[in-house]
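K.L.:
Since chain W is already given, all that's left is putting chain X on it; use the hints.
Number of protein chains: 2
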Amino acid sequence: MKRLDDAISAAGCAAYVAYASSKDADFRYLTQFQVSDPLLYVKRLGEEPGLVVPQMEYARAAAEATAVPVTRAESGYLAYLDEDKEPWKALAHTAAALAGGPVLVPGTLPYRLGRLLEGYGEVVVDTGGAVGAMRAVKTSHELAAIRAAQQATAAAMDLGIAMIRRSSAQGGVLLLDGEVLTSERVKAAMHTYLMGQGCIARETIVACGEESAMPHRQGAGPLRPDEPIVIDLFPCDEATGYYADMSRTVVKGEPSPEIADMHRSVLEAQTLGKSLIRAGVPGADLHAAVVKHFDEQGYESGAQGFVHSLGHGVGLEVHEAPSLSPSGGPLAAGNVVTVEPGLYYAGIGGVRIEDMGAVTAGGFDCYTDYTRDLIL
Amino acid sequence: MKRLDDAISAAGCAAYVAYASSKDADFRYLTQFQVSDPLLYVKRLGEEPGLVVPQMEYARAAAEATAVPVTRAESGYLAYLDEDKEPWKALAHTAAALAGGPVLVPGTLPYRLGRLLEGYGEVVVDTGGAVGAMRAVKTSHELAAIRAAQQATAAAMDLGIAMIRRSSAQGGVLLLDGEVLTSERVKAAMHTYLMGQGCIARETIVACGEESAMPHRQGAGPLRPDEPIVIDLFPCDEATGYYADMSRTVVKGEPSPEIADMHRSVLEAQTLGKSLIRAGVPGADLHAAVVKHFDEQGYESGAQGFVHSLGHGVGLEVHEAPSLSPSGGPLAAGNVVTVEPGLYYAGIGGVRIEDMGAVTAGGFDCYTDYTRDLIL
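The listed protein sequences derive, respectively, from chains W and X.
What the first sequence shows, in this note's numbering, is residues 1491 to 1866, in sequence order.
What the second sequence shows, in this note's numbering, is residues 1491 to 1866, in sequence order.
What you were told as hints is all true, and nothing was included just to trick you.
Since the list can't tell identical chains apart, any single copy or any two copies may satisfy a pair.
Simulated crosslink set (SDA-like; lysine to any residue; CA at most 25 Å straight-line):
(1) Lys1579 <-> Gln1545
(2) Lys1764 <-> Met1546
(3) Lys1764 <-> Gly1853
(4) Lys1513 <-> Pro1544
(5) Lys1764 <-> Thr1629
(6) Lys1575 <-> Asp1775
(7) Lys1492 <-> Gly1597
Quick caveat, the hints were computed from the structure, so don't treat them as lab data.
Excised from the complex, chain W in its bound form:
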């Protein structure tokens, strides 16, 4: 909380005000409270944070949240609602009263609330992203949660890849246990395994052939021999809220020479990227080193080839600070980042290899211990 107080103080404000549900990672980080509907959070400088909750959530919030719950009645909200006749106006009224002075707000505060808050005094946008910066440097407790999620993810990846390895080619598609092996079957098996580990995976990618050339295409239908299959899994551990993130590319059979070359180059790029990571190195430099590597091997970066950034932070969001992209600033010890170079060409296919681990003072503590081999 000291860093949030520092931000409030530096902005010349009396309090930090947010309005979000636990779908918002900043909110979950600040409150440790899981809730579907948005709640008002007010942290006055130097005081315990408060959370305005409906009566029905009071006892649960008292038991679960790290902020001090206040009912809507106690907060003044219900009286303001009588007076103002409009929930958003009453919300702004409540926030202003609890804050007691100029407010610092996250850039993501609902615009409607921000505009109404301006009627009560100065509203300063936290352009530095104080909570995001707090979240980017993980505690040992957070690192353990992320490492555990990544271990479950590697086991799920192994299960999916084993299905492809055990399959056989027939009539241009892969068969397993007498049935066509589809993207959906592999996803279902990985998801069911992960659920048993307390992790929920969504939007998982198992994309074969032409579909693999679109980096975020989820993929559907039969998997085919001799074509690249990109698998990208990024489940969330339900209990902790932390994500994992991992990708592999495999071929059952014989890859085209283009795919084999792309895979070799992506593998080298990943090894290079991981070798350069340590606290203090700008994410932009890591991205640039991989762009240079690809360029030297005749692969472009931009509209095709290496079309995304080298990596991103992972935590309560699957994409968060820091960024390993052209705009990425210096890494810090305790950051958790992916290293995921990829190459994508329409008509040929895609290759991506993604590991995740923690940045340390002297290097990279890779949490992903799993083969990067292409051919099954």
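P.N.:
Just chain X, lined up with the frame of chain W:
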């Protein structure tokens, strides 16, 4: 799109501007595109909506989104970024250029973006919630998706309740197949079943005894005989994005007289609520009828007793318009709502029974066909 054009036009604006990911239900509704990171959406009056996407998402967006994808380069964003040196500024610059005049924005637009947009012209908040209003009235296609999700949910509920029914009491806890039957075991079985149906359940409630008195307490540990067990399941169908929502309260053994009375009263309240639903009736009247019913039977509404609203809309969010609460306006045919009266007393426990269905011109098309019995 006509209703969005009407809202743009009524506000005297040139375009509607949003910036969100598919975690935002309005965004998913408008674009039908699944994406983790926020994207800029600009709908000019009378024109096709546009979606500004990173290069790596272009091909996928062209294949999947109902808005027309434009790369960041094509949109001008990358040039503005060079000029403005700051992503949020470049984003506002891009939005203003694409809009070409005053903009209508959702109340949830990030405040930082809204403030920057003000530098380019008038920014009008859509206080009427045009997209939310569009979402509240479902098409037959949406109704079918929600009904299918609710059917899977009822089957999962049956599976969970069957585990409790098959259990036996020993030493103050329930045992099933030689092991203690816990909240976690029941949840895991229901979740695994739902996953096989393509549905992801999160924050499911299986709360026993004292925990059942907190309406949103998720519950943990051994389930016990003779105590109320509230089960509340609200999974999301991954493919369609639509939610279901259902609750039951059961007792293995002999409920206390208080719980038996509360259950009878809640059951009557639900039957009453469902019988009064039809297009045109205000949600507030339905809620008030149930408050009156409870009052007549000696149960209060407020800090304890009936502590929440009678129900809520369900769709791409588990809680959306319309509201069956003191502030709820008239229902419309095509709304999907829950009817979920409950009573909660610390020291005694909680009872909630929740069905979901569609509002029709003349009544309520209940999608939940499952026993409401208390005693197993």
